[in-house]
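My request is simple: use the sequences and hints to build the entire structure.
Protein chains in written order, with numbering that gives the first Met the number 0: chain A, 0 to 242; chain B, 0 to 242; chain C, 0 to 242; chain D, 0 to 242; chain E, 0 to 242; chain F, 0 to 242.
Think of the hints as simulated: they come from the structure by calculation, not from any bench. Some hints here could point you the wrong way.
Since the list can't tell identical chains apart, any single copy or any two copies may satisfy a pair.
What the hints assert, rightly or not - The list that follows gives simulated cross-link-like pairs (lysine to aspartate or glutamate, EDC-like), each with its CA atoms no further than 20 Å apart:
| id | residue 1 | residue 2 |
| --- | --- | --- |
| 1 | Lys231 | Asp143 |
| 2 | Lys221 | Asp148 |
| 3 | Lys221 | Asp185 |
| 4 | Lys221 | Asp89 |
| 5 | Lys231 | Glu133 |
Number of protein chains: 6
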Amino acid sequence: MRIRVVNPNTSAAMTARIAAAAAAVAAPGTLVDAVHSSFGAPSIEDHHDDVWAAAGVLEQVRRGQAEGADAFVIACFGDPGLHAAREVADGPVIGIAEAAFHAASLLATGFSVVTTLTRTCVIADHLVLQYGFERKCRGIHGTDIAVLDLDGADGTCFETILGTAREALARDRSGAIVLGCAGMADLCGELQQRLGVPVIDGVGAAVKLAEALVGLGLRTSKSGDYAPPLAKTYAGLAQPWSP
Amino acid sequence: MRIRVVNPNTSAAMTARIAAAAAAVAAPGTLVDAVHSSFGAPSIEDHHDDVWAAAGVLEQVRRGQAEGADAFVIACFGDPGLHAAREVADGPVIGIAEAAFHAASLLATGFSVVTTLTRTCVIADHLVLQYGFERKCRGIHGTDIAVLDLDGADGTCFETILGTAREALARDRSGAIVLGCAGMADLCGELQQRLGVPVIDGVGAAVKLAEALVGLGLRTSKSGDYAPPLAKTYAGLAQPWSP
Amino acid sequence: MRIRVVNPNTSAAMTARIAAAAAAVAAPGTLVDAVHSSFGAPSIEDHHDDVWAAAGVLEQVRRGQAEGADAFVIACFGDPGLHAAREVADGPVIGIAEAAFHAASLLATGFSVVTTLTRTCVIADHLVLQYGFERKCRGIHGTDIAVLDLDGADGTCFETILGTAREALARDRSGAIVLGCAGMADLCGELQQRLGVPVIDGVGAAVKLAEALVGLGLRTSKSGDYAPPLAKTYAGLAQPWSP
Amino acid sequence: MRIRVVNPNTSAAMTARIAAAAAAVAAPGTLVDAVHSSFGAPSIEDHHDDVWAAAGVLEQVRRGQAEGADAFVIACFGDPGLHAAREVADGPVIGIAEAAFHAASLLATGFSVVTTLTRTCVIADHLVLQYGFERKCRGIHGTDIAVLDLDGADGTCFETILGTAREALARDRSGAIVLGCAGMADLCGELQQRLGVPVIDGVGAAVKLAEALVGLGLRTSKSGDYAPPLAKTYAGLAQPWSP
Amino acid sequence: MRIRVVNPNTSAAMTARIAAAAAAVAAPGTLVDAVHSSFGAPSIEDHHDDVWAAAGVLEQVRRGQAEGADAFVIACFGDPGLHAAREVADGPVIGIAEAAFHAASLLATGFSVVTTLTRTCVIADHLVLQYGFERKCRGIHGTDIAVLDLDGADGTCFETILGTAREALARDRSGAIVLGCAGMADLCGELQQRLGVPVIDGVGAAVKLAEALVGLGLRTSKSGDYAPPLAKTYAGLAQPWSP
Amino acid sequence: MRIRVVNPNTSAAMTARIAAAAAAVAAPGTLVDAVHSSFGAPSIEDHHDDVWAAAGVLEQVRRGQAEGADAFVIACFGDPGLHAAREVADGPVIGIAEAAFHAASLLATGFSVVTTLTRTCVIADHLVLQYGFERKCRGIHGTDIAVLDLDGADGTCFETILGTAREALARDRSGAIVLGCAGMADLCGELQQRLGVPVIDGVGAAVKLAEALVGLGLRTSKSGDYAPPLAKTYAGLAQPWSP
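This is the structure:
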């Protein structure tokens with residue numbers, strides 16, 4: 000089984016870390032193929048970055064689809080381009096935010112999200128509502144750590160995240176923590192050990208959900224809302240991405 | 000007051016019709032400036048088109064912002080790029096879907112949407128929920144008319160829309176109709192006359208809401224969620240749109 | 000265009016201030032006509048006051064309708080008599096609470112309300128739910144300032160409101176403030192300057208929304224829920240108000 | 000125990016029928032005291048009637064409070080003036096719509112409402128939402144029978160209501176019927192027999208809920224939202240009702 | 000009228016106290032018959048206890064049904080076995096959690112729950128949502144008092160509950176307190192006196208609601224969801240409870 | 000990895016079919032261990048069956064926990080005993096209803112459930128709400144096929160289910176079908192082929208979700224709501240199941 004993991008930002012270092020996180024949990028026989036878009040933002044921290052990230056995701060999903068990927072993971076916590084990617088792909092497409100929300104809600108009656116910049120909380124808010132987790136998700140907490148500062152994260156980042164998570168568990172009466180950024184994947188294990196509750200990294204969760212769905216012979220529904228994009232010729236610089 | 004109306008698709012004909020619809024309702028002293036993106040889809044009829052439309056909207060909002068626009072209208076019923084555009088703009092940014100929903104809910108206790116392709120209903124569904132109109136909006140109805148077939152719409156389109164609206168009013172127990180596409184603006188008057196209930200075109204509604212907010216001295220909140228996009232250099236073809 | 004602004008309380012001084020606030024934002028060509036009921040409470044601060052205010056609103060809307068008003072504003076934050084007034088009026092009827100909620104939700108992802116007596120918060124609560132703003136409205140905060148103490152409001156009132164608003168913005172993670180009383184209209188400008196976020200006064204917002212709807216040729220839906228009141232003879236002191 | 004049942008319309012005949020319905024279910028020792036307002040509409044069938052009904056309710060609740068009533072029932076399905084009446088009364092105040100909703104939700108997993116004019120459905124809609132029954136209430140169905148036509152209701156009314164109820168049970172997958180008008184009380188028994196499911200008349204339900212609460216020594220909360228109305232002098236014809 | 004009150008735990012002492020609480024409010028002519036299951040947990044403080052409690056409730060409801068009980072009360076705040084008991088019983092079945100929620104929402108615009116172990120809050124959470132009280136219930140607060148420690152509760156328990164209730168009223172802006180355990184019934188009166196707001200004990204509330212429904216001639220709907228359990232032979236130790 | 004699949008009914012034939020369905024999708028290295036309770040109903044078709052099923056599930060989860068199972072599946076569409084089982088188990092516990100809902104919502108924007116007896120729809124309704132799928136789940140449809148009639152299901156059952164599913168897809172505008180009974184697992188493949196949309200069997204979905212969570216090193220949260228059941232001695236026939 001080939002799972003294409005798309006990093007929606009253009010940071011090669013982060014793609015490598017995402018690849019490692021994905022590979023670490025992949026089943027034997029699963030081939031993880033981590034890529035990033037040829038264009039867009041080096042980190043995704045506001046709606047503006049998110050818009051271009053969505054376009055970049057489509058570039059890579061289309062290529063993956065042509066190359067026979069069985070499933071796709073969108074490795075940014077805003078799940079940019081998710082619905083459009085499902086139009087393009089035949090196999091399942093999983094965003095890491097939704098993957099983490101689904102996993103957490105199977106392990107605890109309520110969970111809290113710990114994320115990077117406070118201004119991104121509203122993006123998670125919107126996803127939580129659209130996906131139906133507005134009662135399971137008991138709080139979304141920014142740490143105001145920039146995404147790329149997580150790269151080679153030293154102790155300071157870890158301690159900040161740990162502290163925010165601890166407070167969130169108590170204040171929100173939550174039983175699990177969802178990490179709100181693909182770049183936090185490598186902190187997951189130690190956080191779980193220190194906090195004593197399930198800590199969910201969306202990258203890993205998405206890879207395993209993708210494996211699960213492919214293993215069940217399930218693919219994205221092509222009836223109705225996720226039918227393939229209508230063929231039309233795009234103008235200007237978008238022309239190469241015409242469906 | 001200068002209002003930049005951004006058509007998120009690349010059809011010049013449709014931009015002209017949107018410009019006319021906007022100009023028809025603009026107050027004396029309001030300068031409507033209708034533009035379309037230099038890239039993207041000629042019509043927006045699925046999530047894939049919507050992703051590129053969002054990027055195109057940002058191109059034009061940024062230009063409008065540089066050129067001193069006082070407010071912006073996003074003239075596609077999926078409100079593509081709305082939140083990102085609000086990060087970019089100082090003045091108000093109004094999507095035509097939200098504008099129509101707000102207007103309708105001031106005139107009737109419930110309304111129904113009549114739109115183009117059935118597959119786009121889910122896009123409206125998501126907006127309705129995010130904006131909080133899930134109880135006021137009593138139904139979203141596709142006509143399976145393609146967006147560009149509305150251009151120079153002959154009697155067939157009109158009759159289909161009229162029939163769908165009539166059925167919707169009865170079945171949904173609604174008191175108003177929201178037209179689910181910028182391309183339906185010029186049918187609005189006659190539909191209203193024939194149906195005997197308020198029929199709301201989002202383009203007009205958005206222009207008037209923009210005028211209202213500017214007239215009140217109100218601008219997009221720059222505290223928190225809609226703060227200006229963080230400065231960073233985008234890669235590849237997105238580089239010129241780096242914030 | 001003639002907009003009748005109905006102050007649902009019987010304080011002439013407050014009517015004058017409301018008239019000034021309305022006139023200050025009205026477009027050239029808009030005639031604002033501020034009135035108050037011939038009966039009812041001098042200020043509206045609980046459900047009991049609100050009931051009589053609703054009846055008073057109908058008195059004035061009926062007169063305005065007879066005198067050819069194009070639209071109506073109900074200038075009390077509980078929107079008393081709103082639905083009944085829409086039955087009476089042909090043109091749009093806008094409550095200042097709903098107007099402020101609609102405006103705020105176009106400028107920020109979430110807003111907070113700062114109002115007068117804490118006991119009135121539940122009235123706003125009920126409106127927020129009925130209108131669909133229960134997710135956009137992140138908090139409703141009483142200051143326990145009596146409505147008529149706002150009249151000729153000295154620095155104390157202002158500072159209390161400013162402080163409550165500041166706390167609300169932080170605690171609720173909000174991007175805008177809605178003022179929860181028509182009597183706060185003249186504090187709006189300075190509050191906005193001090194707080195650095197949009198501050199919305201419902202009186203101004205309602206006037207501009209009314210202008211917008213009239214400008215679009217839209218009137219209250221007369222099909223179904225807002226059809227004219229059924230003709231019948233009322234008994235006792237209500238007899239003169241028989242529909 | 001003295002329960003004052005307030006008919007919010009001014010029809011003496013209907014008050015008599017309401018009195019009979021209340022007396023028929025009252026416990027030994029309960030004194031039912033049915034009254035109607037000295038002013039207002041002879042039947043309540045739209046928002047306009049409802050506004051004046053609310054004022055009339057206050058007249059009678061205040062008098063009942065002075066005369067030592069232990070509890071109050073508001074015998075119109077729109078529960079007019081409910082919150083204000085609770086400010087005035089020390090004992091419990093029960094609206095017949097809420098009473099019927101509460102009772103029905105204890106007997107079936109879902110219920111349907113059968114009411115008079117279709118245009119009143121929206122009033123019930125608003126109550127259902129405010130009270131929290133939006134999932135238990137699976138449908139609200141108008142029969143377009145005028146309230147006063149129920150008076151001395153012949154077979155035609157009965158058959159229409161029966162037919163509408165039957166259809167509602169099937170279409171809504173409901174297990175109980177709520178009658179949406181105080182004037183339907185005397186049809187309740189036969190409807191129940193014919194339909195084979197619980198049929199709830201709000202007048203009876205409200206009387207028994209009032210008895211239950213008084214029997215428990217419970218009174219309306221006077222802390223916060225339902226504190227007594229603030230003392231102030233009302234103007235004009237409302238002067239005698241100043242709190 | 001015979002009301003069978005089922006204590007879902009197996010503590011005879013608690014059954015006696017529940018019987019006393021029920022009898023204290025029962026109308027003349029109401030025969031309260033308090034029983035407990037022959038099997039299960041001595042106190043119900045987690046989901047595991049709750050599962051066995053549900054089975055025990057069925058044992059006693061079936062017996063009560065055979066012996067001609069007119070109504071049933073399930074006297075544990077998790078309402079264990081409620082829906083199944085309604086399948087078995089012809090008369091009304093009332094859980095004490097739902098009874099308390101219904102009563103509280105008739106007396107105040109919002110209420111708070113004070114309960115025993117914090118871990119049981121999630122059980123109440125689930126009920127609140129299922130019953131539709133998620134907006135009326137403004138907070139659920141654990142005291143971490145074990146259920147059986149309430150038995151012969153000394154001053155410490157009382158003071159803890161009082162303190163938690165006081166804090167809840169202020170923090171949640173609530174107007175009433177719901178006691179979250181049948182074992183708190185005898186503290187109800189004094190708490191009410193000390194707090195100055197309605198304090199609702201579910202046992203009493205359920206008895207009075209049962210009386211009310213029986214007095215109205217209403218029984219559990221047997222059409223659809225609560226039809227009698229299908230006849231089948233259970234295996235193993237459950238065999239005697241085959242429907 | 001050892002996954003214990005608990006059939007909550009006592010039909011050995013159905014356990015065998017569930018075992019086969021589970022084994023068919025299990026990864027190499029996953030040991031599926033299908034069992035059923037020693038007591039309870041031969042099929043679960045109402046709330047009464049469900050109560051005893053929950054107790055039976057606990058019997059088997061406790062045994063599985065003692066025998067070192069890594070995860071548990073509850074193979075009945077009502078997810079009986081789910082929360083209590085999570086208190087008992089260290090590893091993840093997955094109900095087949097929730098598993099199917101989660102999977103479906105990753106493949107389509109909305110899904111419909113096709114189940115057995117119509118009277119069980121309300122059980123699914125309650126789960127859908129508790130889990131947060133009330134917007135994704137667009138309809139729950141009974142076929143009125145008894146659970147055990149699915150055993151050795153001939154063409155009639157298949158055709159009925161197929162027909163109901165087809166109608167559901169059209170009426171609900173859904174993109175996927177969830178099968179509402181463990182006994183439908185072996186029809187899944189052919190249904191999917193005939194319907195052309197994803198058809199989700201909860202047994203398979205739950206096994207793969209369990210594998211996914213175990214593969215991620217995630218276990219049930221033991222902090223708070225799912226802490227181990229409190230140690231206490233149960234009375235009577237429940238004594239052997241004392242925690």
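Inset, instruction - Could you tell me which of the hints above the structure violates, numbers in ascending order? - result: 2, 3 and 5
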